[in-house]
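Engineer: Here's the letter readout for the chains.
Number of protein chains: 2
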Amino acid sequence: MPDDTNSPDVDRPGHGYSSSRRGFLAGTLALGGAAAGLGTPPLAAGAEPAKGGAAVVNPRLFTFVGGKAGGWSVVSAKAIIGDPLPAAERVDIVHGAVDVLPDGGKWKLRGVTSNGRYTTEDEKQRMAKKQADLGRPKATHAALIPIRKNAKWWALAQDERRAIFEDRSRHIAIGLKYLPAIARRLHHCRDLGESEPFDFLTLFDYAKADAAAFDDLVAELRATEEWKFVDREVDIRLVRVS
Amino acid sequence: MPDDTNSPDVDRPGHGYSSSRRGFLAGTLALGGAAAGLGTPPLAAGAEPAKGGAAVVNPRLFTFVGGKAGGWSVVSAKAIIGDPLPAAERVDIVHGAVDVLPDGGKWKLRGVTSNGRYTTEDEKQRMAKKQADLGRPKATHAALIPIRKNAKWWALAQDERRAIFEDRSRHIAIGLKYLPAIARRLHHCRDLGESEPFDFLTLFDYAKADAAAFDDLVAELRATEEWKFVDREVDIRLVRVS
Numbered sequence: 001m002p003d004d005t006n007s008p009d010v011d012r013p014g015h016g017y018s019s020s021r022r023g024f025l026a027g028t029l030a031l032g033g034a035a036a037g038l039g040t041p042p043l044a045a046g047a048e049p050a051k052g053g054a055a056v057v058n059p060r061l062f063t064f065v066g067g068k069a070g071g072w073s074v075v076s077a078k079a080i081i082g083d084p085l086p087a088a089e090r091v092d093i094v095h096g097a098v099d100v101l102p103d104g105g106k107w108k109l110r111g112v113t114s115n116g117r118y119t120t121e122d123e124k125q126r127m128a129k130k131q132a133d134l135g136r137p138k139a140t141h142a143a144l145i146p147i148r149k150n151a152k153w154w155a156l157a158q159d160e161r162r163a164i165f166e167d168r169s170r171h172i173a174i175g176l177k178y179l180p181a182i183a184r185r186l187h188h189c190r191d192l193g194e195s196e197p198f199d200f201l202t203l204f205d206y207a208k209a210d211a212a213a214f215d216d217l218v219a220e221l222r223a224t225e226e227w228k229f230v231d232r233e234v235d236i237r238l239v240r241v242s
Numbered sequence: 243m244p245d246d247t248n249s250p251d252v253d254r255p256g257h258g259y260s261s262s263r264r265g266f267l268a269g270t271l272a273l274g275g276a277a278a279g280l281g282t283p284p285l286a287a288g289a290e291p292a293k294g295g296a297a298v299v300n301p302r303l304f305t306f307v308g309g310k311a312g313g314w315s316v317v318s319a320k321a322i323i324g325d326p327l328p329a330a331e332r333v334d335i336v337h338g339a340v341d342v343l344p345d346g347g348k349w350k351l352r353g354v355t356s357n358g359r360y361t362t363e364d365e366k367q368r369m370a371k372k373q374a375d376l377g378r379p380k381a382t383h384a385a386l387i388p389i390r391k392n393a394k395w396w397a398l399a400q401d402e403r404r405a406i407f408e409d410r411s412r413h414i415a416i417g418l419k420y421l422p423a424i425a426r427r428l429h430h431c432r433d434l435g436e437s438e439p440f441d442f443l444t445l446f447d448y449a450k451a452d453a454a455a456f457d458d459l460v461a462e463l464r465a466t467e468e469w470k471f472v473d474r475e476v477d478i479r480l481v482r483v484s
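Taken in order, these protein sequences are the chains called X and Y. 1 is the number of the first residue of the first sequence in our numbering; add one for each residue after it. 243 is the number of the first residue of the second sequence in our numbering; add one for each residue after it.
A portion of the hints provided could be inaccurate.
[Said to hold, decoys possible] The calculated lysine-lysine pairs, modelled on BS3-like cross-linking and capped at a C-alpha distance of 27 Å, are:
| hint | chain 1 | residue 1 | chain 2 | residue 2 |
| --- | --- | --- | --- | --- |
| 1 | Y | 348 | X | 152 |
| 2 | X | 78 | X | 138 |
| 3 | Y | 394 | X | 130 |
| 4 | X | 78 | X | 106 |
| 5 | X | 208 | X | 68 |
| 6 | X | 152 | Y | 371 |
| 7 | Y | 470 | Y | 394 |
| 8 | Y | 394 | X | 129 |
| 9 | X | 78 | X | 68 |
| 10 | Y | 320 | Y | 348 |
| 11 | Y | 380 | Y | 320 |
| 12 | X | 208 | X | 138 |
Bear in mind the hints are in silico, worked out from the structure with no lab data behind them.
Please model the entire structure based on the sequences and the hints provided.
Structural biologist: Structure representation (structure tokens):
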């Protein structure tokens with residue numbers, strides 16, 4: 001879950017998923033799946049994207065591809081609220097764009113890491129002290145949880161959303177309890193240039209021993225007032241391949 | 243200016259620019275410049291964008307094309323902070339995507355309208371009571387002001403950004419003074435899938451008689467603490483053609 005789920009509402013822009021099968025060029029401007037034959041090579045890196053049709057991929061963009069390939073094997077995929085996603089055996093986590101769905105691909109979901117939308121400086125510091133980055137060797141288990149919030153949520157003013165998110169739902173406080181065991185990275189989809197099926201994609205990882213704690217975390221969040229605004233949620237559990 | 247400029251931090255998703263030369267299909271899911279030969283026809287409207295490569299344009303996406311065509315004539319274009327944009331005679335305001343720069347096109351800038359990031363419910367209601375929509379017949383003058391904020395801004399927590407934005411810079415309060423004379427629409431670029439040269443594009447329109455008031459508005463905002471975080475700003479003044 002997202003700007004809105006598990007724990008903190010803090011992102012780590014450009015922070016990659018180093019344990020993924022696919023290496024990526026952290027910190028470079030133009031990324032793509034080209035190295036693995038999945039995407040289109042980045043065009044005109046360094047040029048002003050505004051000038052022509054050749055756009056440079058946002059360095060904070062990640063693509064999740066459900067299909068037959070990828071470093072993560074799907075253990076389960078459940079529609080918690082609303083429609084499910086087509087069944088996939090594997091998930092490939094790509095830092096960058098994937099323009100064409102590969103052979104056997106069932107779906108792809110995209111999102112960008114961004115600035116936090118609700119977290120105060122105090123909360124941010126408390127999280128920074130406890131949290132771990134994705135990709136720890138022991139974090140062999142993961143969850144990809146895409147969610148969408150309804151129109152009523154998006155029509156709320158900032159102070160109302162913050163009040164629901166934290167004052168009443170304790171989203172950050174709940175997440176903090178599970179740090180550092182559960183690491184996460186939040187990706188925003190709602191303000192991409194294309195219509196996306198979800199507003200947020202959150203990727204979590206954790207050790208096998210913390211799988212029950214992760215279940216507790218999502219159960220706590222799903223019981224909150226904030227979750228009354230979620231109108232689609234899919235919960236995809238993953239284990240690292242090899 | 244933007245989530246951060248002129249006045250209110252409130253957007254009107256999907257609200258079009260009805261006085262523009264180019265009509266658009268407000269409320270439909272897939273939009274594009276195709277009708278005028280500028281863009282690519284929207285693909286697979288109604289299909290789940292996640293399934294294949296054919297993406298449906300975000301209905302909140304707008305594209306501004308600087309070149310030789312369009313319903314707005316460029317009166318002046320000044321780099322206020324940082325690099326200018328290439329000179330253009332006209333600006334075309336397109337609700338939707340423009341995949342290929344048309345003949346004579348010098349630049350294109352894209353952004354999506356979105357939820358407000360700072361406005362409280364009280365502020366939102368005060369603005370709603372006073373503000374006008376873009377496209378009034380008398381609003382023959384306009385300004386397109388792209389800006390970018392620096393990394394320091396984006397690293398701030400939500401409460402710190404709000405404190406600078408409103409408590410100390412009075413961004414919303416300043417904007418309110420100029421309602422309803424100055425209408426505006428804010429577009430977000432930072433979380434698009436491609437790297438964009440600006441974080442925000444704000445389009446303003448007003449009657450000729452209010453042009454001096456608009457100058458006052460931007461001068462007030464540029465004198466704020468918030469503006470110390472702006473590292474690129476271009477001010478493009480426009481008049482409606484015909």
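Engineer: Indicate, hint by hint, whether the structure satisfies it.
Structural biologist: Against the structure, the hints:
1. Y:348 / X:152: violated, 39 Å
2. X:78 / X:138: holds, 25 Å
3. Y:394 / X:130: Measuring from Cα to Cα gives roughly 23 Å; hence the hint holds.
4. X:78 / X:106: holds, 15 Å
5. X:208 / X:68: Status holds; Cα separation ~23 Å.
6. X:152 / Y:371: holds, 20 Å
7. Y:470 / Y:394: It holds: about 10 Å lies between the C-alpha atoms, which stays within 27 Å.
8. Y:394 / X:129: Within the cut-off at roughly 20 Å; holds.
9. X:78 / X:68: Holds, at roughly 18 Å.
10. Y:320 / Y:348: With Cα atoms ~15 Å apart, residue 320 of chain Y and residue 348 of chain Y stay inside 27 Å; holds.
11. Y:380 / Y:320: Answer holds: residue 380 of chain Y to residue 320 of chain Y is near 25 Å, not above 27 Å.
12. X:208 / X:138: Within the cut-off at roughly 8 Å; holds.
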